[in-house]
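Chemist: Residue strings, one per chain:
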Amino acid sequence: MNQTLTLRILGALLICLSGTLLLPLPFSFYYGDGAWPAFLGSALICLLIGGLLFHFCKSRKEMSVREGFAIVTFGWSFFALFGALPYLLSGAIPSPVDAVFETMSGFTTTGSTILTHIEGMPKSLLFWRALTHWLGGMGIIVLSLAILPMLGVGGMQLFKAEVPGPTADRLKPRIQDTATLLWGVYLLLTAVETLLLMLGGMTFFDAVCHAFATLATGGFSTRDASVAAYDSVYIDGVITLFMFLAGVNFTLHFQALRGRLREFPRNEEFRCYLGITLFATLLLLLFNWSGGIYQSLGENLRYSLFQVCAILTTTGFGTADYEIWPVLTQYVLVLLMFIGGCAGSTGGGIKVVRILLLFKHAQVQVFRLIHPRAVRLVKLGNRPVDRDVMQAILGFFALFIGIFVTASLLMAACGMDLVSAASAVIACLANIGPALGSVGPTDNYAAVPTLGKGVLIFCMLMGRLELFTVLVLFFPSFWRK
Amino acid sequence: MRILIVGAGQVGYFLCERLSLEGHEVTLIDHSEEKIERAQDRLNVLGVSGNGASAEVLEQAGIADADIFIAVTDFDEVNILACLLAREYNVPTRVARTKSIEYKDHRAVLSKEKLGIDLLINPEDAVAEEMIRIACSSGAFDVAEFAEGQVQFLGYRIDQDSPLCDLTLMELGELRGIYRFVVVAIQRKDETIIPHGADSIQAGDRIYLFAHQKDLPAIQYMLQTSRQETPKEKRRPRRAFILGGGRIGLQIAQGMEGLQFEVKLIERDEARCQKLAEKLDKTVVLHTEGSDIQTLKDEGIEHADVFIAVTDNDETNILTCLLARQNGVQRTLALVSQPELLGLASDLGIDACIAPRLAAASAILKFVRRGEIISLATIEGSNSEVLEIEIKPGSGILDTPLRELHFPRGAIIGAIVRGQDYEIPTGASSLRAGDRVVIFALPGALSKVERFFE
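Taken in order, these protein sequences are the chains called A and B.
Here the numbering used here is used: the first sequence runs in plain steps of one and ends on residue 878.
Here the numbering used here is used: the second sequence runs in plain steps of one and ends on residue 1068.
Some clues are possibly wrong.
Derived pair list, reagent style EDC-like, types lysine to aspartate or glutamate, alpha-carbon separation capped at 16 Å [as the list claims (entries may be wrong)]: (1) K776(A) with E892(B); (2) K893(B) with E720(A); (3) K1006(B) with D926(B); (4) K980(B) with D1035(B); (5) K713(B) with D1035(B); (6) K713(B) with D688(B); (7) K757(A) with D688(B); (8) K828(B) with D688(B); (9) K776(A) with D895(B); (10) K649(B) with D690(B); (11) K713(B) with D690(B); (12) K889(B) with D783(A); (13) K980(B) with E759(B); (14) K757(A) with D783(A); (15) K896(B) with E876(B); (16) K757(A) with D895(B).
Hints in this document: simulated from the structure, not taken from any laboratory.
Owing to the predicted nature of the structure, the values given are computational and were not obtained by experimental measurement.
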């Protein structure tokens, strides 16, 4: 691996980060919260370190796959580390572990928070929190549709062909073109949601922060009670819709904007995603009704649909405390946590397409027991799925479960109860946010022991970067020349 | 009409034979002098040896006066080039045979319109269509449709259990009150006869009949013998086994999937199996040999409604069909390329044998003879033909009872279609302008029939 080149690119990324650190400044001045020196200081530190790395590490070599893995993993880690500076410098979050947890949760669009009193924070820091989501989401779109397919991680090569733009073999021009197009879509959707939320009575500040958190499927709110604080059917509706949209492959949105709306029903993953959403909502309606939670069907539908979208897309906003819902309902929600959004969306989790293909694979296995001489392929849409892709997906699933089990064990070792430990791990690994038990929707992660926070930070990073991207760095042969 | 045929292969030879018998002026071009000589010796055609895609040779063959140009060499490129040349000479109708060129696909860069070809025929497509058509009509082994499908032409094999066995046509005529159909021909060994009232149907015969589409279920019910299906069985989807996953097998599988058949496709080559599985959705692709009867039994061949063998080996196709029949498949269809084997195979108890070249040739014949003769089917194994003719106004045969007209020997009118109505002709029937008649004709009688209606 070429360390010099990697460091140089990481330096460039830090310089970019220093630029984004200046964005909360207007809010700081407008609200007079006095947090501006923290942002300015953080920006300077990032600029200095980034500039030094960029200046002194020079390499004329081309980037290869290995550097790709290192840059993605370290890039996200650097952002989480340096992005935590404003919290620390302003003194809003005194503990470095907590600050890094909050930033990692932001950049991985998880939405788990250690803050106990959100509304007491300086407004500019709340904006920075939402902004980390939004930037993380931007990174994820490009990562999952342009970079990971090329690195061949976890079956993501499936989407190689579906990326719009020229299909040059070289890494750079394609990533740039893809990124520009998809970011345009992302920006547009964010702007529309901000506008719609303002029409519902939100302030500009709240609307922007919530739109950032929705489109990135993050889930940081500017209120202690999350979206429930507004108690508005309209706002719930708008956020539900945009959460659902954020969980869809962004290339589909791009196609839709070009007038090809028929791509939605033609996409098998989208159909499955829609099916899961509707079916889960139906189950929730039924269980909540039989549990006597809500008086009217309308009310039941409003909260059930919102919660299904919030969990399935791994956003994690809350309008209801689902811990007082029947156990069956909670069980459905935990299952949804594992599934996650569509590949190529900002959602986390195992991804709908992988779940879909796993089931198809199982179906083919059963079929072959009945018809031993039959040749049958797993197909997505009308195209057969490569054996390599299927193996990568099986590997991904095994690894996902393996990490989930190991991390839950570590959390339990820290002294958490079983439900909280397991649900906290899946909530972080799938980048959702709130979990169950002591880290439920009305609680926060402040009380988790420091070691546990470390485990969860790592889970968020691995879950976000499709596991393999991070784990590959732990193989000694990766570092050898 | 003056017809120019390029290519004296099987299709070309067959077309020459048919078209010259029908009284057309046929010129045959082939680069092999030997083939030309053979054709000239046996058939009433003019032969020209040379390259069919050369303007000089075409001019020598008299392309300037030709009405129909048919290019059926073994080379797609030659056929297409020859047709392009024919367009330059303003030949009104141009037909070419292609094997590998995709012309049906919407994405085809060169469509037949662009090439200026009126009919591009692929023998494999023609055979696949034919197979599907036969497989879908239960009981019959040869089916053609006339008058937009109103009149069906069917062939049935009569075995000893058949209720029709040993009945004379006169006796059958009494049944006609209930079942409206006309037996137009009986094929006994190699002979095709147009039966009269006193002729009887015997076991081992194949009978050909015309019937209206809406009478089909009743007729099929009558002709059913020992293979009576219980109502429960009828409700389940029909099952088909196809042997051979080549282009023909794939097309048949795709077609039958669409017709709600449960299809199982057997192919010996594993890589090809993968390709087939890619292209087919519901079909079960089996990687095995056609003779692997144990696997076929495990897959339920006993309950199959139809077995279709379309490998590129005639012997395999015939033998596996026999094997399938022995294992209880109701109907078997085989692809047989060698014309010599066509007659033999049907004696073995295979329901239908189809030759790609004959299928292509009959499609070409059908196309060439468009106009007054609307559609035409060629009967397997014999040269008899069925054709449909529209009665022109001002014809001398109008409004006269048929028994008073001198209808040519060797031909019989099977049905008279008048708008939506349909009549079984008797001696008292008369024709009106605009009627369409469906006629069965033995070879040689065809031109007389045509003359009769002029």
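Chemist: Take the hints in turn and mark each one as holding or not.
Modeler: Now for the hints, and whether the structure bears them out:
1. K776(A) with E892(B): Holds. K776(A) to E892(B) sits at ~8 Å (cutoff 16 Å).
2. K893(B) with E720(A): violated (48 Å)
3. K1006(B) with D926(B): violated (46 Å)
4. K980(B) with D1035(B): This hinted pair is violated, its Cα atoms lying about 24 Å apart.
5. K713(B) with D1035(B): violated (41 Å)
6. K713(B) with D688(B): It holds: about 8 Å lies between the C-alpha atoms, which stays within 16 Å.
7. K757(A) with D688(B): Judged against 16 Å, a Cα distance of about 44 Å means the pair is violated.
8. K828(B) with D688(B): Answer violated: K828(B) to D688(B) is near 42 Å, above 16 Å.
9. K776(A) with D895(B): The hint holds at about 9 Å.
10. K649(B) with D690(B): violated (20 Å)
11. K713(B) with D690(B): holds (6 Å)
12. K889(B) with D783(A): holds (12 Å)
13. K980(B) with E759(B): holds (12 Å)
14. K757(A) with D783(A): holds (13 Å)
15. K896(B) with E876(B): holds (8 Å)
16. K757(A) with D895(B): holds (13 Å)
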